[in-house]
Amino acid sequence: MKKIVHYLNQFYGQLGGEEKADLKPILKEGPVGPGMALAEVLGQEAAIAATVICGDNYFADHQDEALAEILDMIAPYEPDMVIAGPGFNAGRYGLACGAVCSAAKEKFHIPVLTALYPENPGAEMYHKPVYILKTAISATGMRKIIPVMGKFALKLLKGEEVGFPEEEGYIPQGYRVNVHTVQNGAERGVDMLVKKLRGEHFVTELPMPVFDRVPPAPPVKDLTKAKIAMVTSGGIVPKGNPDHIESANASRYGIYDITGLDDLTGDAFMTVHGGYDPVYATEDPDRVLPLDAMRQIEKEGGIGELYNYYYATVGNTTAVSSAKKFATEIAQDMLRKGIQAAILTSN
Amino acid sequence: MAKTIESFGIPCVHICSIVPISEAVGANRILPATAIPYPTGDPNLPKDEEFKLRKKMVLRALNTLTVDIQKQTVF
Numbered sequence: 003m004k005k006i007v008h009y010l011n012q013f014y015g016q017l018g019g020e021e022k023a024d025l026k027p028i029l030k031e032g033p034v035g036p037g038m039a040l041a042e043v044l045g046q047e048a049a050i051a052a053t054v055i056c057g058d059n060y061f062a063d064h065q066d067e068a069l070a071e072i073l074d075m076i077a078p079y080e081p082d083m084v085i086a087g088p089g090f091n092a093g094r095y096g097l098a099c100g101a102v103c104s105a106a107k108e109k110f111h112i113p114v115l116t117a118l119y120p121e122n123p124g125a126e127m128y129h130k131p132v133y134i135l136k137t138a139i140s141a142t143g144m145r146k147i148i149p150v151m152g153k154f155a156l157k158l159l160k161g162e163e164v165g166f167p168e169e170e171g172y173i174p175q176g177y178r179v180n181v182h183t184v185q186n187g188a189e190r191g192v193d194m195l196v197k198k199l200r201g202e203h204f205v206t207e208l209p210m211p212v213f214d215r216v217p218p219a220p221p222v223k224d225l226t227k228a229k230i231a232m233v234t235s236g237g238i239v240p241k242g243n244p245d246h247i248e249s250a251n252a253s254r255y256g257i258y259d260i261t262g263l264d265d266l267t268g269d270a271f272m273t274v275h276g277g278y279d280p281v282y283a284t285e286d287p288d289r290v291l292p293l294d295a296m297r298q299i300e301k302e303g304g305i306g307e308l309y310n311y312y313y314a315t316v317g318n319t320t321a322v323s324s325a326k327k328f329a330t331e332i333a334q335d336m337l338r339k340g341i342q343a344a345i346l347t348s349n
Numbered sequence: 004m005a006k007t008i009e010s011f012g013i014p015c016v017h018i019c020s021i022v023p024i025s026e027a028v029g030a031n032r033i034l035p036a037t038a039i040p041y042p043t044g045d046p047n048l049p050k051d052e053e054f055k056l057r058k059k060m061v062l063r064a065l066n067t068l069t070v071d072i073q074k075q076t077v078f
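Line order of the protein sequences matches chains A and B. Going left to right, the first sequence walks through residues 3 to 349 as my numbering numbers them. Going left to right, the second sequence walks through residues 4 to 78 as my numbering numbers them.
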């Protein structure tokens, strides 16, 4: 019979609520709480040999020590699998479930499993290394998820082939798997197109991300009095790239001083964007960040003032979520500096 | 980034080479640039003409910031 160790927090471990969230890890023989229902599903094929219970706060505040203690409690059992939760949408618990599973997988090289609501931060962090079955948002989903967990656990224990996320009910891990299909891609593509043209239902093989829209901001009333700032994703930075902005998938942006500068030249500035031919920008960085034109317009009174710093990052394969984060900070800085409008240049 | 800046009430125009990407992600004010390696330039032109082109583009971009738009607009 296969052996499983089950991880629970203080609440599901039936030791108390928030007031017991500081509990250090405790080991109990056999299944506890939801583990009992799980044990029923596992039947004769696997048993929950022990349950580790840990307070959510203790885990959150002492993750490294907690993990070490928990793994030490699990080790003597030499389990065939570790299961955590289900954690539903509980944030600290979800993170603990993911962390315990991930660590157990790495240390003991055994299958691991947990179940969380997809928006649980633990799901976001651990869905790649750990199978995370999708649950309802709250524990009202317990009755539904236990049989799913039990059956999937048995599958993993027996080393059976795991199906696609949609079939098995786990959060997609982003892995691409080669499959053989009867029709080749061209045939499937044309079939899809014909269906689309006929207004018939078809299923996409690759869902496109959906982007939200924002309402347009009120326009600038008088440009001649306005303070304007420049932003670029073209990677134009001072020579030497002082902030070490990456040439792809940038993790940061820079704010650079252009006080008194009327023109960008190749000896003072450079491009670090790895996604376009840098030759032209190296010759004349104004081709990506048009400082010379902006300064002349400023001198002629076309705008009230050009802000004396510009913001730069690299847009090459940079994640939309990163760009959003940078731009949020940039916009907040702009508000503090009384900037009324901006020009963003991209390649 | 243009969309996020605009969401803070700061009108932002996106001068970009690949307009469909900006449209998809959702910038509200979009101005097509010259080309990917030189959005606000053109190395095929003599220097003074290139500058004139750049200045014209920047003026058009600045102008978009003064237009009261109700939805995404490619200028």
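If you're looking for bench data, these hints aren't it; they were derived computationally from the structure. Just so it is clear, CB atoms sit at the ideal spot from N, CA and C, and this is done for glycine as well. Be careful, since some hints might not be right.
Claimed, not checked - Covered, in the sense of this in silico footprint (three residues per stretch, anywhere, with C-beta under 8 Å from a C-beta of chain B), are these stretches of chain A:
| id | segment |
| --- | --- |
| 1 | 144-152 |
| 2 | 230-242 |
| 3 | 292-299 |
| 4 | 331-340 |
For this session: Could you work out which earlier hints the structure fails to respect and list their numbers in ascending sequence?
Result: 1
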